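Colleague: Build out the structure end to end from the sequences listed, making use of the hints.
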Amino acid sequence: MRTSCQAGRLCKTGGMSAANFSRPGAIDLSSLKKKPEAPAPAGGRPKTSGGYVVDLTEANFDQIMQGSLQHLIVLEFYSPRAQGSEQQSAELQRLANAAEGRYLLGRVNADEQPRIVQALQVQGVPFVAAVLQGQLAPLFEGVQPTEQLAAVLDQVVQAAVASGITGRAEPVGGAVTDETDDDEQADPRYAAADEAMGEGDFARAEAEFDKLLAADMNDAHAKAGKAQAGLLARTTGVDVAAVVAAAQANPADVDAQLAAADALVVSGRAEEGFTLLIERIKVTAGDDRGKLRAHLLALFETSEAADPVVLRARRSLMSALY
Numbered sequence: 001m002r003t004s005c006q007a008g009r010l011c012k013t014g015g016m017s018a019a020n021f022s023r024p025g026a027i028d029l030s031s032l033k034k035k036p037e038a039p040a041p042a043g044g045r046p047k048t049s050g051g052y053v054v055d056l057t058e059a060n061f062d063q064i065m066q067g068s069l070q071h072l073i074v075l076e077f078y079s080p081r082a083q084g085s086e087q088q089s090a091e092l093q094r095l096a097n098a099a100e101g102r103y104l105l106g107r108v109n110a111d112e113q114p115r116i117v118q119a120l121q122v123q124g125v126p127f128v129a130a131v132l133q134g135q136l137a138p139l140f141e142g143v144q145p146t147e148q149l150a151a152v153l154d155q156v157v158q159a160a161v162a163s164g165i166t167g168r169a170e171p172v173g174g175a176v177t178d179e180t181d182d183d184e185q186a187d188p189r190y191a192a193a194d195e196a197m198g199e200g201d202f203a204r205a206e207a208e209f210d211k212l213l214a215a216d217m218n219d220a221h222a223k224a225g226k227a228q229a230g231l232l233a234r235t236t237g238v239d240v241a242a243v244v245a246a247a248q249a250n251p252a253d254v255d256a257q258l259a260a261a262d263a264l265v266v267s268g269r270a271e272e273g274f275t276l277l278i279e280r281i282k283v284t285a286g287d288d289r290g291k292l293r294a295h296l297l298a299l300f301e302t303s304e305a306a307d308p309v310v311l312r313a314r315r316s317l318m319s320a321l322y
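For the sequence shown, position 50 matches number 50 in full-length UniProt numbering, and the numbering has no gaps at all.
These are calculated hints, taken from the structure and not from any lab test. Please read all numbers here as calculations on a predicted model, not as lab measurements. Among these hints, one or two may not hold up.
As the list claims (entries may be wrong) - In the DSSO-like style, the derived pairs of lysine-lysine whose C-alpha atoms are separated by at most 30 angstroms in a straight line are: (1) 291 to 223; (2) 223 to 282; (3) 291 to 211.
Claimed, not checked - Have a look at the derived ranges for each label pair, beta carbon to beta carbon: (4) 123 to 312: 39 to 49 angstroms; (5) 294 to 192: 22 to 32 angstroms; (6) 294 to 134: 34 to 44 angstroms; (7) 283 to 215: 39 to 49 angstroms; (8) 307 to 201: 21 to 31 angstroms; (9) 285 to 62: 51 to 61 angstroms.
Using N, Cα and C, we set each Cβ at its ideal position, and we do this for glycine too.
Modeller: Shown next as structure tokens:
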């Protein structure tokens, strides 16, 4: 295996797109078969780096990759022997933690995990790829200019959102266990709705969440799920830049403002989307104001209630209303 490239090589030109994750030739991760006898690290837990960075081994690879069904995963293949890669590796970890769950960075030591390297057909390190819904798409090989890393990863996050994947990774914290605790098992009540979300059938997902809310109007998970399904249904195939530009050109058009807020939120710019609606609420009245407020409250449901961005926006909304 090569352990360096002369100048580094981007594996894509023209930027990432949703199609990169499903195009013919993307590597199917199911080709990696974890051997039962593969030993776990000392203490029975996979080695982790903390935050939104995890060290991958055969023992935890399948478990971590399951997360790509809900959120983006970025894989970094590295070797301590690869010249000039230490700085890039540190920057990738910094960017992953700064992204606060927009993706999880999985690190593979190519020297220690040769079966993973072989299964994914990695030809040289350092090598970075994106994983979405179980499919791997190469991003770049070799050491890249530091300033280029953030731009590439931002494009990947946008491509994931365009593919309908807006979930956030959970922080790794101390360690990731090999077994899922009983209280963390998926609740079967949400199976039909989650299946519809996974298939991109957002109208069916909304209907399933409505059934759950009919049984329990205070079901927080169902409320959030319905809000997310609605948001994705409204924004699938939307050109974010064009929608935002249209709203800026027509500030009095309430529907244009709502569409722009949706586009901003789904593209990972929630604070901008919330602020846009709050600013319009300040200068409108009557039915238009009520429409803006109701839409903003629905967008809040797409994020965690304790998210600092949501908390700030709620305070700003209160000030705008009263």
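Colleague: Please go over all the hints and tell whether each is borne out by the structure.
Modeller: Outcome of the hint check:
Distance check on the hinted pair: residue 291 and residue 223 sit about 19 angstroms apart at the alpha-carbon level, within 30 angstroms; holds. The straight-line distance between the Cα atoms of residue 223 and residue 282 is roughly 27 angstroms, inside the 30 angstroms bound, and the hint therefore holds. Under the criterion of a C-alpha separation no larger than 30 angstroms, the hint pairing residue 291 with residue 211 is consistent with the structure, at around 25 angstroms. Taking 39 to 49 angstroms as the suggested C-beta distance range, the pair residue 123 and residue 312 conforms, at roughly 46 angstroms.
The supplied range of 22 to 32 angstroms is met by residue 294 and residue 192, whose beta-carbon atoms lie about 27 angstroms from each other. The supplied range of 34 to 44 angstroms is met by residue 294 and residue 134, whose beta-carbon atoms lie about 37 angstroms from each other. Take residue 283 and residue 215: their Cβ atoms lie about 40 angstroms apart, and the range 39 to 49 angstroms holds. Checking the proposed 21 to 31 angstroms range against residue 307 and residue 201 shows it holds: the Cβ atoms sit about 27 angstroms from each other.
The hinted range of 51 to 61 angstroms is satisfied by residue 285 and residue 62, whose Cβ atoms lie roughly 55 angstroms apart.
In the structure shown, no violation is registered for any of the earlier numbered hints.
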